[in-house]
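Visitor: Let the sequences and hints guide you as you build the complete structure.
Numbered by this note's numbering, the letters in the sequence shown go through residues 67 to 163 in order.
Since the hints were derived computationally from the structure, they do not count as laboratory data. A quick note: this is a predicted structure, and the numbers were derived from the prediction, not measured. It cannot be assumed that every hint is accurate.
[Said to hold, decoys possible] Distance windows between CB atoms, simulated:
| # | residue 1 | residue 2 | range |
| --- | --- | --- | --- |
| 1 | 148 | 124 | 21 to 29 Å |
| 2 | 152 | 128 | 16 to 24 Å |
| 3 | 90 | 161 | 46 to 54 Å |
| 4 | 138 | 118 | 29 to 37 Å |
| 5 | 133 | 75 | 14 to 22 Å |
| 6 | 151 | 93 | 30 to 38 Å |
| 7 | 72 | 118 | 30 to 38 Å |
| 8 | 88 | 152 | 37 to 45 Å |
Ideal placement from N, C-alpha and C gives every residue a C-beta, glycine not left out.
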Amino acid sequence: MSSGEAISVVVRCRPFIGLEKKECTDCVRISSKDGVIRVGDPSVGKEFSPTDIKTWRLFTYDTVYDKTKTQQQVFDKSVQPVFQKVLRGLNSTIFCY
67 MSSGEAISVV
77 VRCRPFIGLE
87 KKECTDCVRI
97 SSKDGVIRVG
107 DPSVGKEFSP
117 TDIKTWRLFT
127 YDTVYDKTKT
137 QQQVFDKSVQ
147 PVFQKVLRGL
157 NSTIFCY
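Guide: Take a look at the structure:
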């Protein structure tokens, strides 16, 4: 996050847990390099194709972490710099969901 930015949107897609591993289909493709998340939605009907990336919905963010990244890695790269600015007296907000 550069010093001139007012808002930065960061997304971490977590890995499946528990029953999700058995019952869910992975329909998320992540490109951390480009800050892009593609989400496939089988409910859209015959136009959706899991093998055709063009039929997926595309979302672009400032930073994207894939399922292999830990919470600590996200904190170190995306939260810690904001926290340091707070310690220097700058107003900041971190919203996590």
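Visitor: Now tell me, hint by hint, if it's right for this structure.
Guide: Each hint, compared with the structure:
1. 148 <-> 124: 21 to 29 Å: 27 Å, holds
2. 152 <-> 128: 16 to 24 Å: 19 Å, holds
3. 90 <-> 161: 46 to 54 Å: The hinted range 46 to 54 Å is violated for residue 90 and residue 161, with Cβ atoms some 26 Å apart.
4. 138 <-> 118: 29 to 37 Å: 36 Å, holds
5. 133 <-> 75: 14 to 22 Å: The hint (14 to 22 Å, Cβ to Cβ) holds, given that residue 133 and residue 75 are roughly 18 Å apart.
6. 151 <-> 93: 30 to 38 Å: Taking Cβ atoms as reference, residue 151 and residue 93 lie about 36 Å apart, which means the hint holds.
7. 72 <-> 118: 30 to 38 Å: Since the Cβ atoms of residue 72 and residue 118 sit about 37 Å apart, the hinted range of 30 to 38 Å holds.
8. 88 <-> 152: 37 to 45 Å: For residue 88 and residue 152 the Cβ distance comes to about 42 Å; the hint holds.
The structure fails to meet hint 3 from the earlier list, while all remaining hints are met.
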